[in-house]
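As they're listed, the protein sequences go chains Z and D. For the first sequence, position 43 matches number 43 in our numbering, and the numbering has no gaps at all. For the second sequence, position 91 matches number 204 in our numbering, and the numbering has no gaps at all.
Errors might be hidden in some of the hints.
For lysine to aspartate or glutamate, the following EDC-like pairs were computed, each having C-alpha atoms within a straight-line distance of at most 16 angstroms [unchecked claim]:
#	chain 1	residue 1	chain 2	residue 2
1	D	164	D	185
2	Z	68	Z	56
3	Z	94	Z	26
4	D	157	D	169
5	Z	42	D	154
6	Z	94	D	169
7	Z	71	Z	56
8	D	157	Z	105
9	Z	5	Z	26
10	Z	71	Z	31
11	Z	42	D	199
12	Z	15	Z	105
13	D	157	D	185
14	Z	68	Z	31
15	Z	5	D	154
Computed beta-carbon distance windows for the label pairs [said to hold, decoys possible]:
#	chain 1	residue 1	chain 2	residue 2	range
16	Z	16	D	140	36 to 44 angstroms
17	Z	40	D	115	19 to 27 angstroms
18	D	163	Z	79	39 to 47 angstroms
19	D	168	Z	45	32 to 40 angstroms
20	D	169	Z	81	23 to 31 angstroms
21	D	123	Z	61	31 to 39 angstroms
Covered by chain Z, according to a simulated footprint, are these stretches of chain D (three or more residues, beta-carbon under 8 angstroms) [to be verified]:
#	segment
22	147-156
23	217-227
Read the hints as simulated data drawn from the structure, not as lab findings. Just so you know, these numbers come straight off a predicted model, no measurement behind them. Where is the CB? At the ideal position from N, CA and C, for every residue including glycine.
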Amino acid sequence: QQQVKQSPQSLIVQKGGISIINCAYENTAFDYFPWYQQFPGKGPALLIAIRPDVSEKKEGRFTISFNKSAKQFSLHIMDSQPGDSATYFCAASKETSGSRLTFGEGTQLTVNP
Amino acid sequence: NAGVMQNPRHLVRRRGQEARLRCSPMKGHSHVYWYRQLPEEGLKFMVYLQKENIIDESGMPKERFSAEFPKEGPSILRIQQVVRGDSAAYFCASSRFYGQGTDTQYFGPGTRLTVL
Numbered sequence: 001q002q003q004v005k006q007s008p009q010s011l012i013v014q015k016g017g018i019s020i021i022n023c024a025y026e027n028t029a030f031d032y033f034p035w036y037q038q039f040p041g042k043g044p045a046l047l048i049a050i051r052p053d054v055s056e057k058k059e060g061r062f063t064i065s066f067n068k069s070a071k072q073f074s075l076h077i078m079d080s081q082p083g084d085s086a087t088y089f090c091a092a093s094k095e096t097s098g099s100r101l102t103f104g105e106g107t108q109l110t111v112n113p
Numbered sequence: 114n115a116g117v118m119q120n121p122r123h124l125v126r127r128r129g130q131e132a133r134l135r136c137s138p139m140k141g142h143s144h145v146y147w148y149r150q151l152p153e154e155g156l157k158f159m160v161y162l163q164k165e166n167i168i169d170e171s172g173m174p175k176e177r178f179s180a181e182f183p184k185e186g187p188s189i190l191r192i193q194q195v196v197r198g199d200s201a202a203y204f205c206a207s208s209r210f211y212g213q214g215t216d217t218q219y220f221g222p223g224t225r226l227t228v229l
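One chain only, chain Z, in its complex shape (with noise of 0.2 angstroms):
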């Protein structure tokens, strides 16, 4: 019931390509979807979020896509860049619970130059 499943494990996109990450979840009391991008070292840093009152959601290149029926959202990047190579992970949580978020197992992304 808590369980938030990512794919694809890893992915690799040329240069200007658009990478798609995808993740699944099973509790439907969730109601707060964050993307984290975390580089090698580092912490994870928040990306983009979305509400299940939206179905899309766009900040620059990122967009994210929800689907409340199907129970899934994701992670588009278009025209990626080689800065943009990292470890993504999707998240969810229950605001009613103190927030505590549930991760994806991450997808690691290169993007080729």
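Position chain D against the provided structure of chain Z, taking the given hints into account.
Quick look at chain D alone, frame taken from chain Z:
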């Protein structure tokens, strides 16, 4: 405004020793979360604290692990009698409040614990 601070950044302990990890939340933040990241895995929730209170410790092992967030000073994650399986990166995150709109958790740089 300084971010979440954690120290030490790297900690090496021998089996059976104690490890103390410290976390200073962002200014104005009164909620602290600890997560553990094992090699090649995602982050797993351990414990959620507010000042002087443990709110949710459902992710923390029952033995050897404890956490506190005193009225003054940083939050401390304490691991007694460490074993090799405790080797991991431990991340602290802080937030301002919850249940009132977006409650972003800001993460520190982590403490990488190695148990020899």
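Hint check results:
Restraint check for residue 164 (chain D) and residue 185 (chain D): the C-alpha separation of about 8 angstroms stays at or below 16 angstroms, so the hint holds. Taking the CA atoms of residue 68 (chain Z) and residue 56 (chain Z), the gap is near 11 angstroms; set against the 16 angstroms cutoff, the hint holds. Distance hint between residue 94 (chain Z) and residue 26 (chain Z) is fulfilled; the C-alpha atoms sit about 12 angstroms from each other, no more than 16 angstroms. As the CA atoms of residue 157 (chain D) and residue 169 (chain D) are separated by approximately 13 angstroms, the hinted pair is consistent with the 16 angstroms bound.
With a C-alpha separation of about 15 angstroms, the suggested pairing of residue 42 (chain Z) with residue 154 (chain D) holds against the 16 angstroms cut-off. Between residue 94 (chain Z) and residue 169 (chain D) the alpha-carbon distance is near 13 angstroms, which keeps this suggested pair within the 16 angstroms criterion. The straight-line distance between the Cα atoms of residue 71 (chain Z) and residue 56 (chain Z) is roughly 14 angstroms, inside the 16 angstroms bound, and the hint therefore holds. For the proposed pair residue 157 (chain D) and residue 105 (chain Z), the alpha carbon gap of about 10 angstroms is at most 16 angstroms, so the pair holds.
Proximity of residue 5 (chain Z) to residue 26 (chain Z) is assessed by CA-CA distance (about 9 angstroms); at most 16 angstroms being required, the pair is judged to hold. For the proposed pair residue 71 (chain Z) and residue 31 (chain Z), the alpha carbon gap of about 11 angstroms is at most 16 angstroms, so the pair holds. Taking the CA atoms of residue 42 (chain Z) and residue 199 (chain D), the gap is near 19 angstroms; set against the 16 angstroms cutoff, the hint is violated. Taking the CA atoms of residue 15 (chain Z) and residue 105 (chain Z), the gap is about 24 angstroms. The hint is violated against a cut of 16 angstroms.
Between residue 157 (chain D) and residue 185 (chain D), the direct Cα distance comes to roughly 27 angstroms. Violation of the 16 angstroms bound is thereby established for this hinted pair. Restraint check for residue 68 (chain Z) and residue 31 (chain Z): the C-alpha separation of about 10 angstroms stays at or below 16 angstroms, so the hint holds. With a C-alpha separation of about 12 angstroms, the suggested pair residue 5 (chain Z) and residue 154 (chain D) falls inside the 16 angstroms cut-off, and the hint holds. A hinted range of 36 to 44 angstroms for the beta carbons of residue 16 (chain Z) and residue 140 (chain D) is consistent with their spacing of about 40 angstroms.
Checked against the hint of 19 to 27 angstroms, the pair residue 40 (chain Z) and residue 115 (chain D) passes, with Cβ atoms roughly 22 angstroms apart. Taken as a hint, the range 39 to 47 angstroms holds for the pair residue 163 (chain D) and residue 79 (chain Z), whose Cβ atoms sit roughly 42 angstroms apart. Remark: the range hint 32 to 40 angstroms for residue 168 (chain D) to residue 45 (chain Z) is contradicted by a beta-carbon distance near 24 angstroms. Remark: the range hint 23 to 31 angstroms for residue 169 (chain D) to residue 81 (chain Z) is contradicted by a beta-carbon distance near 38 angstroms.
Between residue 123 (chain D) and residue 61 (chain Z) the beta carbons are some 34 angstroms apart, a value that agrees with the proposed interval 31 to 39 angstroms. Using a Cβ-Cβ cut-off of 8 angstroms, 4 residues of the segment 147-156 of chain D lie near chain Z, which meets the minimum of three, so the contact claim holds. With a threshold of 8 angstroms between beta carbons, the proposed coverage of the segment 217-227 of chain D by chain Z holds, since 7 of its residues qualify and at least three are required.
Of the numbered hints stated above, those contradicted by the structure are hints 11, 12, 13, 19, 20, listed in ascending order.
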